[in-house]
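Peer 1: Residue numbers (our numbering), protein chains in the order written: chain V, 71 to 450; chain U, 71 to 450.
Taking lysine-lysine pairs in the BS3-like style, the calculated list, with each CA pair at most 30 Å apart, reads:
(1) V:K418 with U:K128
(2) V:K444 with V:K420
(3) V:K316 with U:K195
(4) V:K301 with U:K216
(5) V:K195 with V:K418
(6) V:K216 with V:K301
(7) U:K418 with U:K444
(8) U:K418 with V:K316
(9) U:K301 with V:K216
(10) U:K316 with V:K418
(11) V:K128 with U:K418
(12) U:K420 with V:K316
(13) U:K129 with U:K316
(14) V:K420 with V:K195
(15) V:K301 with V:K316
(16) U:K301 with U:K128
(17) V:K301 with V:K211
(18) V:K195 with U:K316
(19) U:K316 with V:K420
(20) V:K128 with V:K216
(21) V:K301 with U:K301
To spell it out: a stretch of chain V is covered by chain U in this simulated footprint if at least three of its residues, at any positions, have a beta carbon under 8 Å from a beta carbon of chain U; those stretches are:
(22) 90-100
(23) 143-157
(24) 180-191
(25) 296-306
(26) 316-330
With the C-beta cut set under 7 Å, the calculated list includes, among others, these residues of chain V facing chain U:
(27) M108
(28) A109
(29) M126
FYI, nobody ran anything at the bench for these hints, they're computed from the structure.
Virtual Cβ for every residue (Gly too), placed ideally from N, Cα, C.
Number of protein chains: 2
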Amino acid sequence: MDRNSPDSPEWFPELQNPPRLLLGPGPSMVHPRVLRAMASPLVGHLDPYFLQIMEMTKKLLRYVFGTQNDLTVPVSGTGSAAMEAALANVIEPGDAVLICINGYFGLRLADMASRYGAQVRTIEKEWGEVFEPDEIQAALKTNPAKVVAIVHAETSTGARQPLAGLAGVVHAADALLLVDAVTSLGGLPVEVDQNGIDICYSGTQKCLSCPPGLGPITFGPRAVEVLVGRKTQVANWYLDMTMIQKYWGTERTYHHTAPISANFALYEGLRIVAEEGLPARYARHERNARRLWDGLQEMGLELHVPEAHRLPSLTTVCIPEGVDGDVVRRRLLDEYRIEIAGGLGALKGKVWRIGLMGYSSQPENVVLLLAALKECLAGA
Amino acid sequence: MDRNSPDSPEWFPELQNPPRLLLGPGPSMVHPRVLRAMASPLVGHLDPYFLQIMEMTKKLLRYVFGTQNDLTVPVSGTGSAAMEAALANVIEPGDAVLICINGYFGLRLADMASRYGAQVRTIEKEWGEVFEPDEIQAALKTNPAKVVAIVHAETSTGARQPLAGLAGVVHAADALLLVDAVTSLGGLPVEVDQNGIDICYSGTQKCLSCPPGLGPITFGPRAVEVLVGRKTQVANWYLDMTMIQKYWGTERTYHHTAPISANFALYEGLRIVAEEGLPARYARHERNARRLWDGLQEMGLELHVPEAHRLPSLTTVCIPEGVDGDVVRRRLLDEYRIEIAGGLGALKGKVWRIGLMGYSSQPENVVLLLAALKECLAGA
Chain V
71 MDRNSPDSPE WFPELQNPPR LLLGPGPSMV HPRVLRAMAS PLVGHLDPYF LQIMEMTKKL
131 LRYVFGTQND LTVPVSGTGS AAMEAALANV IEPGDAVLIC INGYFGLRLA DMASRYGAQV
191 RTIEKEWGEV FEPDEIQAAL KTNPAKVVAI VHAETSTGAR QPLAGLAGVV HAADALLLVD
251 AVTSLGGLPV EVDQNGIDIC YSGTQKCLSC PPGLGPITFG PRAVEVLVGR KTQVANWYLD
311 MTMIQKYWGT ERTYHHTAPI SANFALYEGL RIVAEEGLPA RYARHERNAR RLWDGLQEMG
371 LELHVPEAHR LPSLTTVCIP EGVDGDVVRR RLLDEYRIEI AGGLGALKGK VWRIGLMGYS
431 SQPENVVLLL AALKECLAGA
Chain U
71 MDRNSPDSPE WFPELQNPPR LLLGPGPSMV HPRVLRAMAS PLVGHLDPYF LQIMEMTKKL
131 LRYVFGTQND LTVPVSGTGS AAMEAALANV IEPGDAVLIC INGYFGLRLA DMASRYGAQV
191 RTIEKEWGEV FEPDEIQAAL KTNPAKVVAI VHAETSTGAR QPLAGLAGVV HAADALLLVD
251 AVTSLGGLPV EVDQNGIDIC YSGTQKCLSC PPGLGPITFG PRAVEVLVGR KTQVANWYLD
311 MTMIQKYWGT ERTYHHTAPI SANFALYEGL RIVAEEGLPA RYARHERNAR RLWDGLQEMG
371 LELHVPEAHR LPSLTTVCIP EGVDGDVVRR RLLDEYRIEI AGGLGALKGK VWRIGLMGYS
431 SQPENVVLLL AALKECLAGA
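Could you put the whole structure together from the sequences, leaning on the hints where they help?
Peer 2: Structure, rendered in structure tokens:
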């Protein structure tokens, strides 16, 4: 690089990350212990020590997913990669897949499934609403499917899909239940085994409070049966669980070089979850969310999702008439260093999205955000 | 988690990474400044500060790739994900792809290409040999192809494929030249534009000395033309460059949550490359590799690849008759905390693989390894 050109190394300054309070849809605040783990010196991806960390990570992931599933691992990409892994491993060309769409991530599931040659059938709801088991049952009656995919915590709407009762209707129709738990895992109960979920995945940068980069996923016995019974190869090499499980299983066969540091971070993040304990963690998310909801409503703001189906991890707030949502967001960022997000897709320009996930879910963050938002709205 | 069970949190100890000198095929030693970057507090993936880092990272990647290509970004997975992105974005079902196979990663290219519906044609050489342009020209005459894929630095064999002359024959046959530079980028010249390479990718954990987790990739104008002229959607959602470029380009459209910390680390790693300067960096890799080769040969060990085509970043050493290669490796790890690797595929049990990549390429590491290896061989 020519040191006299404007592209010379001197023009690439040292990292000087501005302080941010991350209260958007993710990444959430990373726990300081997890940041420290990110900086640990590396070992090789087949080092006996790393294999120990992998084994303990699988156990901790089973704990947080609420499952006994053997095939429970982090895939080496973000939550979206885990979503794709969930679909790619059980779909063969021509398979019918029923996707429940009530937000942006339902649309994404449909897009991905179609790329694997699925016959995509959809049932749709307004963004912010949730599905009833009998609606899925009815859809499966007219349109049998191999897989039913549904989003537990719709990050685009803030709606919380009840999981109870889904497996009953899905399994009765001989389909697999695939659940997106990106914005719920570690923040509210997912309980894979209790809810009869066959495939479930998440991301590390939400309620687990790790940096983005890994996608925890679990496949139950019925899903594994479909996987091993495939007639065609998995169409995605990087996310092919038949190969990934040989690295994460007893064979330790090299597939790709695992992101060592991200796995150290996930291990530490999961230890923190286990130390707090899931019930206490869920209660904390619920408590801080309620405080946020109360505060927002006291300010005269309307919440997009009715309380019965509101996510504790992500709240959608209707932007008041006459207020420019982007200006308010920008002021929060510039003046108070707080990140919240705007709406996605059908809710673009209509809502703010406020996340209280993992380490971000603290009472001091709630009162600070409420106070800062009040200031910004007073001037808006 | 039941605190009285053997699975209780107390059973998951704090991270206590053993010290390791990483002299295998990757990950290499991560520069301390890069480790520090990994621990930086996060900002959001659409934060104005992160967008700045993205822009500077693209510039630095263009520098290290030796290209003016606009579409030069890190994909959010390891080098294998970048390999898959390289293929998936230009292959449509039925396209003919010519793969040059002289090692494990050529085989991987063929496996991946077939999953995207390519008509895979191959030319093969012994593991450790390299291809001549006229061999590729001849193969294209009988078997025209849309893409010719070849590995610059075969991590499984230690062979260095000359790049000069390849583009001439490939472009004359109206094909795209796709080059795997996983074990070369930042350690020896790749020079994408000068060598007429249309698609080139790498990983962060080799000569760039960052943790594994990102896959730098670049698409030249002819590859972009193929990409935008596709008749079918890219079959891989997570690696679909038509969407990824909208996030890394001016639109900033959300695709997936970028691994923020890994991108901070890559930025810092690339700054270090720019500070040293590529010519000095290449000379350092060459110098330390020669010292290693000389030392190994003085010990009576034979190198698998003739000097003319030997990689400075990765050396394959023939395991002497009567020596158990795994026992020696294990002793190096247990007694001297040094990681080297065994052979892969056709070279399994026949060679050791020693990497001197990025921050690992230091004279003190060479003399230490030689001394330790001597001790281990004396007892073997």
